[in-house]
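Enquirer: Next come the chains, spelled out residue by residue.
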Amino acid sequence: MAVPTFLNLPDRESKPRPKGVTAVIDSGLTLGGFRDFLESAHPYVDFVKFGWGTAVVTPTLDEKIAILRQHGIEFWFGGTLFEIAYAQGKLDEMVAWAKDLGVSHFEVSDGTIQMKTVEKARLIERLSADFLVLSEVGSKDAAEVMSPSQWIRQIRAELDAGAWRVIAEGRESGTAGIYRDTGDVRLGLIQELEEGGIDFDKMFFETPQKVQQVWFLSHLGPNVNMANIAPRDVIGLETLRLGLRSDTVKFSLPKIRD
Amino acid sequence: MAVPTFLNLPDRESKPRPKGVTAVIDSGLTLGGFRDFLESAHPYVDFVKFGWGTAVVTPTLDEKIAILRQHGIEFWFGGTLFEIAYAQGKLDEMVAWAKDLGVSHFEVSDGTIQMKTVEKARLIERLSADFLVLSEVGSKDAAEVMSPSQWIRQIRAELDAGAWRVIAEGRESGTAGIYRDTGDVRLGLIQELEEGGIDFDKMFFETPQKVQQVWFLSHLGPNVNMANIAPRDVIGLETLRLGLRSDTVKFSLPKIRD
Amino acid sequence: MAVPTFLNLPDRESKPRPKGVTAVIDSGLTLGGFRDFLESAHPYVDFVKFGWGTAVVTPTLDEKIAILRQHGIEFWFGGTLFEIAYAQGKLDEMVAWAKDLGVSHFEVSDGTIQMKTVEKARLIERLSADFLVLSEVGSKDAAEVMSPSQWIRQIRAELDAGAWRVIAEGRESGTAGIYRDTGDVRLGLIQELEEGGIDFDKMFFETPQKVQQVWFLSHLGPNVNMANIAPRDVIGLETLRLGLRSDTVKFSLPKIRD
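Chains as they are written, first to last, in my numbering: chain B, 59 to 316; chain X, 59 to 316; chain E, 59 to 316.
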């Protein structure tokens with residue numbers, strides 16, 4: 059292997075990592091592209107999410123799951139699929155299907171449909187019996203802005219209900235939830251979450267845009283958990299975590315740049 | 059196959075579809091990527107267009123065509139190639155070459171060169187003897203804006219001349235023709251086309267951007283014909299047609315969201 | 059091969075080309091994608107740069123280099139890797155590693171770290187003993203704007219020091235160096251470089267965005283050297299060089315459009 063070892067780089071834990079996790083979104087990769095991707099990048103991929111309802115129109119889903127197993131990578135289905143199944147009264151069917159597939163993680167979200175807080179907590183609790191539940195907070199509608207105190211209440215309630223991790227909504231585009239519709243990070247929100255005592259190791263931040271990855275790494279450190287990473291950006295994200303790109307070079311050159 | 063069947067989803071006709079067509083643009087895929095793409099997504103791909111003059115610099119064009127044949131997918135060459143051949147006085151040569159390849163569809167456009175309306179109609183008529191002609195209306199120059207009545211006159215004239223379908227220009231970028239240079243849909247134009255009695259089943263709308271796909275689906279329904287779809291967006295577009303993504307969830311949850 | 063030969067197109071020299079060079083940036087392609095890409099597009103690819111520090115996190119670097127050798131394509135490592143090695147006092151180790159790999163080209167840049175002009179010249183001179191040196195001018199920080207006269211002085215000094223080519227910074231995003239943070243070309247800068255007598259055949263312009271490629275081709279001709287070209291854009295760029303796309307159709311239709 060030609061990979062150079064002459065540099066001093068920040069430590070990165072190897073998989074399974076308790077934090078510094080990279081969760082990739084599959085928005086419809088070809089089967090060949092999926093196989094290539096994981097063969098090349100598996101050391102840097104902790105999870106794959108089959109985005110929103112793409113699983114339903116992926117004829118090669120079985121083959122993709124077999125490839126994930128081969129690399130020991132866990133996966134889950136996008137929250138929108140859960141929301142549709144739930145709203146159609148088909149949650150039992152979805153759970154049975156997921157169990158059949160041997161799925162270990164399950165996302166519970168309310169980014170599209172309306173759901174009462176107690177009902178969401180009840181679902182998290184129920185699904186936690188069978189899965190590690192990722193609950194998602196935040197709306198997919200950029201116009202629906204929640205106050206920081208609502209975010210904090212909801213994150214706490216969902217962890218209390220048994221959520222394994224809480225995902226902070228950003229969409230595949232990075233233009234809702236924790237972002238303004240321009241893609242700018244809602245700085246005040248993240249600051250209030252921190253001051254409010256939220257444990258960021260329990261959070262996955264959806265950071266699809268490079269500039270958003272740079273912001274979270276710069277403010278929360280190289281081991282922040284990030285989700286909705288496009289497959290083509292995984293190598294680039296790893297260089298950002300290690301200070302191998304201009305934007306985060308402070309991680310590899312701490313004395314030279316702050 | 060792991061694809062879940064527990065949801066109630068809108069009906070989608072299978073291929074060959076009279077409408078609800080997805081026409082993909084190949085802007086220069088690798089041969090391997092092209093093969094992977096069609097193996098994975100062929101049920102959702104009705105046509106492939108070799109964008110503008112890319113065919114001329116694609117050393118593996120024969121192999122790509124063989125793959126299309128294997129999946130029973132028709133294809134055509136971007137209108138710019140026709141326009142250059144025509145303007146160079148080489149249309150006969152281009153037609154002979156296309157016939158040699160067994161091409162069944164042919165695009166006639168004037169998005170780049172100037173062409174009199176009667177001349178374009180004459181060409182459509184002539185080429186219709188050998189091919190199913192797709193004629194394209196609209197300029198590739200975002201500064202050249204045609205009035206809705208011009209659009210209607212031209213679409214009618216080209217269908218009358220024998221065009222099989224009329225393509226509404228949007229470019230690969232989605233920033234000309236039926237769009238402003240910002241990518242915003244020219245709402246008034248589409249509305250006037252509808253009020254003017256244009257048969258949208260005869261139209262292919264170029265909708266490269268997701269937000270444009272969402273707009274056309276929301277306004278013209280899940281079975282609108284769309285062209286200039288990037289290969290990587292085909293699965294995503296299919297989820298939009300089926301109401302499996304937040305933006306068009308009204309298709310799968312009609313009672314819950316309007 | 060089905061490629062049509064009926065059109066009159068501008069001449070393009072075949073490889074190795076003294077100018078009209080396309081240098082691709084690999085930002086983290088999969089191994090399979092890399093192989094497919096070069097099998098399909100090798101006639102149009104003159105160089106591959108392993109972007110910034112991606113080489114360090116590319117487990118399949120050896121295999122990628124073997125594929126490049128197979129196609130006779132030269133490569134180099136992004137300047138940021140050099141800058142980090144230099145700043146960590148590990149330049150000797152990096153040079154030894156590069157020699158071991160049989161690398162022929164080497165980038166010397168100061169887009170991230172501060173370096174005195176004489177020190178950069180000294181490094182260019184030193185590395186020119188072992189490599190063809192590409193020196194890069196311009197900052198990766200869009201806020202750090204150099205005056206045109208500084209650009210001219212620096213380009214001259216680096217060529218005098220032995221640089222084989224000088225790269226004009228644009229980043230992978232096209233939003234720094236020769237561009238404003240909006241991606242707009244710094245027109246006045248390019249004009250002053252030309253009036254200042256800079257030999258553009260000695261320059262590689264980083265032109266990641268299509269609109270930037272179109273600008274440089276339109277102003278400096280079809281044989282301008284371009285770098286930071288995304289693999290997926292190589293076929294498209296070749297059509298732009300040959301006048302096979304609307305934006306540069308003047309190259310294939312000189313009498314019709316200017």
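The hints are simulated quantities; they were obtained by calculation from the structure and are not laboratory data.
Don't take each hint at face value.
Note: identical chains are not told apart, hence a pair may lie in one copy or across any two.
Stated by the list, open to error - No farther apart than 35 Å at their CA atoms in a straight line, the calculated lysine-lysine pairs in the DSBU-like style are these:
{"#": "1", "residue 1": "LYS77", "residue 2": "LYS260"}
{"#": "2", "residue 1": "LYS148", "residue 2": "LYS313"}
{"#": "3", "residue 1": "LYS268", "residue 2": "LYS308"}
Since this is a predicted model, take the numbers as computed values, not measurements.
Enquirer: Now tell me, hint by hint, if it's right for this structure.
Expert: How the hints compare with the structure:
For the homomeric pair LYS77 and LYS260, the shortest alpha-carbon distance inside one copy (8 Å) is at most 35 Å, but the shortest distance between copies (47 Å) is not. Taking the shortest alpha-carbon separations for LYS148 and LYS313, only the inter-copy value of 15 Å comes in at or below 35 Å, while the best intra-copy value is 57 Å. In this homomeric assembly, LYS268 and LYS308 come within 35 Å of each other (Cα to Cα) both inside a single copy, at 17 Å, and across copies, at 31 Å.
Violated hints for the displayed structure: none, as all numbered hints are satisfied.
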